[in-house]
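Fit chain to chain and form the complex, with the hints in mind.
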Amino acid sequence: DSGVTQTPKHLITATGQRVTLRCSPRSGDLSVYWYQQSLDQGLQFLIQYYNGEERAKGNILERFSAQQFPDLHSELNLSSLELGDSALYFCASSAPPGNTGELFFGEGSRLTVL
Amino acid sequence: QQPVQSPQAVILREGEDAVINCSSSKALYSVHWYRQKHGEAPVFLMILLKGGEQKGHDKISASFNEKKQQSSLYLTASQLSYSGTYFCGTDPGTYKYIFGTGTRLKVLA
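Chains as they are written, first to last, in the working numbering: chain A, 1 to 114; chain B, 1001 to 1109.
Next up, chain B with everything else stripped away, as it sits in the complex (with noise of 0.2 Å):
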């Protein structure tokens, strides 16, 4: 019931591009985007209401298919401090707020 985050893993050098998908096997009202740097709290990036509807935030975007229930995040000309692991999030309507299996995102120099 967790929804399947893809790639596990990514590693980029600066300025390369990267896309991070996460997939859920039910149907997602909304979803929320999260960057965890090693050992701190999740800070929350963006949140996705309306089917097809992008968001930005700086050079992070993200994108929400509801009837495929999918939402991919996009991040250009990535920066080291881009580095993290990234979770989806979302409520599928049970108050049971879960999170994505997770993208560990690493940008090298």
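Chain A extracted, bound-state conformation (with noise of 0.2 Å):
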């Protein structure tokens, strides 16, 4: 248990909807990200918190967003989804600055989109 919610663990849709994922990091830690992982692909980078800020962003969609709350929770919000959006979203966190820098995931939403 790497102490990363997300929920939920699985979602269906259908095209044009909009859905809300969402992550609760490890205690104690200021960042978070987001990656989208296709169907036996790589992982891709979406965007990165720390401590409520918007730190950086990868190639995410203009239909993504995402926030992260004074909570340290965040949510990603996809819109006007696509078949091409169905995907593993994972959402991980890390420690502050000084430690090793690993990475901590979550077990991912699985989004299918019909």
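Derived from the structure by calculation, the hints contain no laboratory data.
Reference excerpt, derived from the structure (chain A facing chain B, CB under 8 Å, subset only):
| # | residue |
| --- | --- |
| 1 | Ser-2 |
| 2 | Tyr-33 |
| 3 | Gly-42 |
| 4 | Leu-43 |
| 5 | Phe-45 |
| 6 | Arg-55 |
| 7 | Ala-56 |
| 8 | Gly-58 |
| 9 | Phe-90 |
| 10 | Gly-101 |
| 11 | Leu-103 |
| 12 | Phe-105 |
| 13 | Gly-106 |
| 14 | Glu-107 |
| 15 | Gly-108 |
By construction, the Cβ of each residue, glycine as well, lies at the ideal position given by its N, Cα and C atoms.
Structure (structure tokens):
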């Protein structure tokens, strides 16, 4: 158990819909990262938050948005969903600076768009 | 900009050795290695912080050459449990923690 919690674990929805994925980082971790992993593909960096502030953005579509709340949990919002958005979405957190910087991953949210 | 890993895939028999390489076009300050089982979350294996320094994890070790911007993961006497996809990961100083292209490893009995 990494200590990172993601909900929901599975989600099936239709094209054009909007969904929200939630992530609670490990206790004490300030950084939250979001990744997209399409079927049998690599881990694509979407966005990173640190202590409530957006710190870095990857190839995140304009239809996607995220935020980190004062209690440090984060949400990834996906709107106007397309078939190609079907993927496993991972959230990860890392310890404050001064640590080794490794990422601790949640179990992922599997999104299926029909 | 994504680190390139080689080989893309490898099949081994139990007890055989393998080497997975990770090469970056940008400077690497540190390299992490992760293993991901199918359908599961990636799990951290080790970190390489210093050029040329080797770290070990059971029968898995790694090296890091800062000058060549490369890291290699060495799997010795592979076990069935080593099967999975291996990713190198790095933050090139931009806070974008990116992963390599991945190497699928399958160990056969």
